[in-house]
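To convert, count from 1 in the sequence shown and add 1; that's our numbering.
These aren't lab readings, by the way, just hints derived from the structure by calculation.
Here a beta-carbon is modelled for each residue, glycine too, at the ideal position from N, C-alpha and C.
Take the hints with a grain of salt, since some may be wrong.
As the list claims (entries may be wrong) - In silico lysine to aspartate or glutamate, DMTMM-like type, Cα no more than 20 Å apart, as pairs:
| hint | residue 1 | residue 2 |
| --- | --- | --- |
| 1 | LYS120 | ASP48 |
| 2 | LYS57 | ASP132 |
| 3 | LYS120 | ASP132 |
| 4 | LYS57 | GLU357 |
| 5 | LYS120 | ASP159 |
What the hints assert, rightly or not - Just the calculated beta-carbon pair ranges, DEER-fashion:
| hint | residue 1 | residue 2 | range |
| --- | --- | --- | --- |
| 6 | SER43 | GLY223 | 41 to 51 Å |
| 7 | GLN207 | ARG373 | 44 to 54 Å |
| 8 | HIS383 | GLN326 | 28 to 38 Å |
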Amino acid sequence: MRTNLPRAGGTFYSVLVLLILLGGCAFTPPAGGVTPRPTSTSPLSLDQRIDAYIAKLTPARQIGQTLMLAVYANAYNANLDQALTQWHLGSAIIFPNYNGGPLMPTTLAGMRQLVSDLKTHADTPLLLATDEEGGLVDRLSFYYGQTPSPQALAATGDPRQAYGQAQTDAQRMRDLGLNVDFAPLADVSQSGGIDPSRTFGTTPGQVTTYAGAFLDGLQQNGVAGTLKHWPGLGASTGNPDYTLPTVNHSQDQLNAIDFAPFRMLLSHQPDMIMVTHVIVPAYDAQVPASLSPVLVQQVLRGQLGYQGVVVTDAMGAQGLIQYMQQQGYSDPAQGIAEAGVRAFLAGDDLIEAPIEQDRLAAAVAAMTQAVRSGRISQARLHEALHRIIALKVRLGLLTLP
């Protein structure tokens with residue numbers, strides 16, 4: 002039997018001839034004796050798709066993703082429009098009441114319309130948050146009635162009560178168009194500056210059990226949960242909303258008590274952790290936690306291992322303004338703006354901007370200048386953006402190609 006194969010000599014053709022003679026191969030070699038390489042059509046990973054999405058955002062839109070608009074308004078207005086369409090802010094927090102002012106909007110229908118208008122006018126899918134803790138901090142109570150405080154939920158002795166309340170809260174929030182709750186508190190009550198009714202207990206175990214149930218109730222029902230207030234306000238000397246407090250615990254005490262619920266709740270995969278404005282001398286005697294690379298990067302991310310979105314407490318808090326005044330910033334707007342940049346450099350991904358429009362404008366300008374000058378590196382900006390976009394994808398707000 003004769004084979005009409007090209008004369009190429011070599012192992013390839015020797016093996017091929019043998020296979021053909023044995024009847025075990027129907028392969029016809031390509032012209033020239035060159036075997037084609039297989040083409041790869043492997044889909045991009047989620048991380049690669051997120052990176053591709055970020056790469057298509059303009060610099061202004063990238064910066065906008067890192068700032069959270071604070072909304073206290075009766076209806077959509079020019080200030081909100083400027084924030085969303087000119088400054089491209091990528092998230093918002095709703096305050097129906099603020100600083101003793103009137104309720105806005107006054108009705109459930111009005112609130113639903115406000116949220117709808119925010120989403121309609123924004124040029125990016127928005128993270129939309131409120132503080133729905135229950136008890137003293139109960140933003141939805143004006144529209145749905147009051148809900149139990151964390152302390153009251155823990156007093157039932159049944160974590161299912163905490164889960165059920167969070168499930169109800171999540172359903173109400175989704176009905177309004179909200180997708181992030183700045184709750185639950187992971188603070189361990191220790192006669193500090195935070196009202197004990199806002200906490201789930203006086204021991205790390207109790208707090209972990211009930212805050213964990215509440216967190217699950219939110220996140221298993223389509224709403225992102227937020228552990229707060231890192232590194233813990235349970236033993237603080239005051240509330241950062243009104244003053245710059247201190248937690249005077251040793252590192253051993255902090256790790257055993259204050260940090261413990263945050264550490265133990267990481268297994269519940271909290272979508273966000275909020276860092277607050279408190280001095281913790283055992284780790285950083287000079288800088289509030291919200292602006293401290295030690296407490297954010299080294300401890301929260303490094304030692305505890307949290308890699309989700311870190312959001313700041315309200316940057317308009319009096320405690321932070323007081324600290325920035327000590328740093329030489331007599332104008333609150335400029336002080337808050339600089340603090341936002343410092344917080345971002347410390348490792349916070351999302352900056353909760355102040356309500357006042359002049360202060361918000363200053364914050365946007367400061368972040369923009371910091372990115373343009375290279376003070377905020379592209380690597381740091383990308384790191385934060387990746388976490389924020391990943392959260393939006395996880396919540397179903399973004400569908401990536």
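Structure-based check of each hint:
1. About 26 Å separates the Cα atoms of LYS120 and ASP48, which puts this hinted pair outside 20 Å; it is violated.
2. A hinted pair counts as satisfied when its Cα atoms are at most 20 Å apart, and LYS57 with ASP132 does not qualify at roughly 32 Å.
3. Restraint check: the Cα-Cα separation between LYS120 and ASP132 comes to about 19 Å, which is no more than 20 Å; the hinted pair holds.
4. This hinted pair does not check out: LYS57 and GLU357 have alpha carbons roughly 31 Å apart, beyond 20 Å.
5. Distance check on the hinted pair: LYS120 and ASP159 sit about 37 Å apart at the alpha-carbon level, beyond 20 Å; violated.
6. Between SER43 and GLY223 the beta carbons are some 31 Å apart, a value that contradicts the proposed interval 41 to 51 Å.
7. The supplied range of 44 to 54 Å is met by GLN207 and ARG373, whose beta-carbon atoms lie about 48 Å from each other.
8. At roughly 33 Å, the beta carbons of HIS383 and GLN326 sit within the given window of 28 to 38 Å.
Violated hints for the displayed structure, listed by number in ascending order: 1, 2, 4, 5, 6.
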